[in-house]
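**Student:** Residue numbers (this note's numbering), protein chains in the order written: chain A, 1 to 232; chain B, 1 to 626.
These are computed hints drawn from the structure, not numbers from a lab. All C-beta atoms in this analysis are idealised placements derived from N, C-alpha and C, irrespective of residue type, glycine included.
In silico negatives: residues of chain A with every beta carbon more than 12 Å from chain B:
(1) 80
(2) 103
(3) 125
(4) 129
(5) 145
(6) 155
(7) 175
(8) 188
(9) 217
Below 30 Å or equal to it, Euclidean Cα-Cα: the simulated DSS-like pairs (lysine-lysine) are:
(10) B:259 with A:146
(11) B:20 with A:181
(12) A:27 with B:252
(13) B:327 with A:27
(14) A:181 with B:259
(15) A:181 with A:147
(16) B:184 with B:246
(17) A:181 with B:7
(18) B:20 with A:143
(19) A:80 with B:7
(20) B:367 with A:27
(21) A:127 with A:143
(22) A:143 with B:13
(23) B:259 with A:80
(24) B:7 with A:27
(25) A:80 with B:303
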Amino acid sequence: MKVRIKFRKTGLMRYIGHLDVMRYFQKVNRRAGVDIAYSAGFSPHQLMSFASPLGLGLTGEGEYLDMEVNTCGSSAAIVKRMNAVMAEGMEIVGVWRLFEGAKPAMAVVAAADYVLTPEPELWEDIKEKAEAFFAQEAISVRKKTKKSEKEVDIRPLIYDWRLLDGGIFVKLASGSADNLKPELLLEAFCRYAGQEYDPCGFSICRLELYAREGGEAEGRLVPLSDFGEEIL
Amino acid sequence: MRSQKRKLALSHKILMSVEKPARYIGGEVNAVMKDPDEVEVRFTMCFPDVYEIGMSHLGIQILYDMFNRREDVWCERVYSPWPDMDKVLREEKIPLFTLEGQTPVREMDFLGITLQYEMCYTNILQILDLSGIPLFAGERGEEDPIVIGGGPCAYNPEPIAEFFDLFYIGEGETVYDDLLDLYKRMRARGTGRRAFLEQAAGIPGIYVPALYDVEYHEDGTIRAMVPNHPHAPERVVKQLVVDMTKVPYPEKPLVPYLKATQDRVVLEIQRGCIRGCRFCQAGMVYRPVRERDVEDLKEYAVKLLENTGHDEISLSSLSSSDYTRLKELVYFLIERFGERDVNISLPSLRIDAFSLDVMSRVQDVKKSSLTFAPEAGSQRMRDVINKGLTEEVILSGAAEAFRGGWNKVKLYFMLGLPTETKEDIEGIAALANEVARVYYETVPKENRQGRVQVNSSTSFFIPKPFTPLQWAAMFTKEEYLDKARTVNEAMKRQLNHKSLRYNWHEADVSVLEGVLARGDRRVGRAILEAYRRGCLFDSWSECFDNEKWMAAFEAAGLDIAFYNLRERSLDEILPWDFIDAGVTKEFLKREWKRAMEGTVTPNCRAQCQGCGVKKFGGGVCFEGQD
Ligand code: SF4
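Using the sequences plus the hints, can you model the full thing?
**Tutor:** Okay, structure coming up:
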């Protein structure tokens, strides 16, 4: 049976890199006695996959991972068991049994919500410019790939934005088809606002991950948690 | 304590600018948080190397657990900041801090530094320096923590003596309580640092370097080491746990986020070793062998795996095969956990039918390799060092393993042993060749999976205090490299040379390690000079800078040859002679003489040698007598 787990990674845990988070969860499963399935072979590993790695330094309020389990109690019971062995800054928010035929989270992620919070002084300098920045028809940035560097227009990858008190909310394309890293957006914004971009000058929090309904390109964006049901 | 949000000592900006920020944030699973206002003593344990190494060390976990069981003590941790962080801390003038409380180390009552290997000595100075604690104990004031050293290198603390307020000689579990209670009592009376140290010197096992004066002969050897205070004993007696069933074991060890070098549960099954290899310091200073109760161990194994979530458990001891209930324990582990995808690793096992059976069940035979540590290439040389492993045993073990499907073998040797000849050195290649030959003899062509791989590696022998070879001379870097070259060339001449691989350790590090291992108090000056010149993380080949070290010795006016190249005379006063490590000097001398004759000595269970540790009243010395 496949289950999807939603968790928060906040506070100090932002300094734990993705590979370490994977190892952390393997240990959580053992400590909590989750009946997770293992791959066959001489060095079996837990059948577990993450929706989308979160960069070092970022926090997440709506992170996801899928697991294959042999048996499993109710959603509420698993959440409780896992949270009992969590470290400060990690918390399980929910567990769902995936619907028949649901694709793995990492294959379907299409968008992500972020809150971008600059340091207060910086915010004073740039907040006036936000309206005009997002109102542009096109936002051209230089994107480095392994082989080359090219100009791309990232405006179509920004699905939504909103000013908050002390920061900006954005909904960005995310996943294998279209992908916009928040850092790239911030870099472009800073340049537009005439400020030097300092990657450490912002706190970035990923709020939620979405997939397209029905897997269609035009499908509605729905949170990954909507692809399963609560286990009672 | 999860709800309580901790404030970090470093800003987000700084943490994002260094490699692996998780090294500096604490908050690991099973880390202990306490309210500073509710404890009376704050103790920081330090492993002076990078986090991932320090976190792998069982000894710290044992002491961390032991201290934190006391309600009046909060034990925290600190590790050596990696050079990138070192730079930031200096530039930003941020004092070094503890992981748990993120509190400056200087605000602690105690800073306990574990001394596991000599090449971490400059890191000790870094820890003190970054904490803002004066490097020399004599310059510290009432505001500074008491700096304690302990661990294997404390058996010759002299090269670092002046940087420590006191040393703890022996196993940590025994007299720390007395020390902490004394501290509390004396602090309540406001008697001050110096008075505390003087009283502490009266606790068995505690060595306060400032209370001893060392006098030298003109030739540089020691004339005398004399206590200058009535509380300082002439000989400091090592402390040890007599009954292993009475000491607590950490049931909730820390689980780091970063991958530590030991990312597994470590289960200490016994302390000490019966074998009596003459080069091995651990085998001498941890005498006598004391076994843990097998039922306790089974219970710990279950609890530890549950509480950590590790997927591997490793049995720890100097020679696991000598643990009398090994079979019972191992088969229990396999039965109980084998199904649950827990790896069981068994280092230091003799290769025989039992171990091969176990290994074939717990590891992938095709991928794993078989390890032998003959330590020397010829039987004569092995007799000198009392390594009771014969060529016959190695070859028959290898044959059995090859039949079982293994085709990779690792062989460990030492070069530069006393009385070593060219034949002994070339014997290393000959033995490796024999192992390969056995493979081709035992495994029929159709069953072979490619070539057998025999990987030999050599380290250079470093005489250590309290071993029968403590008087031996070492060699120069050039001589060491010559020896390695001799092995390498001999390898090429072997019939099966295509199956043989050979690698050797750095020679310059060994030379230094030799000086630091057997040095006297004056060597501290060279360590300080080296640190001032930028030496740090000397056990990391990418950081080690031999030229700086050589310059440091020169600046300190010390001659490496004096420490390394002469064979010490049996009646010379050695810098560590003031320590009573249990084994008597008479026993060590007897063993040195037998080594020179090439006579082997039976192990503790075969025949007691009256080494002196029976006085502690426990362990193997009393086996079979109730
Ligand atoms: S006194 Fe005898 S049995 Fe005890 S450790 Fe020494 S040699 Fe071994």
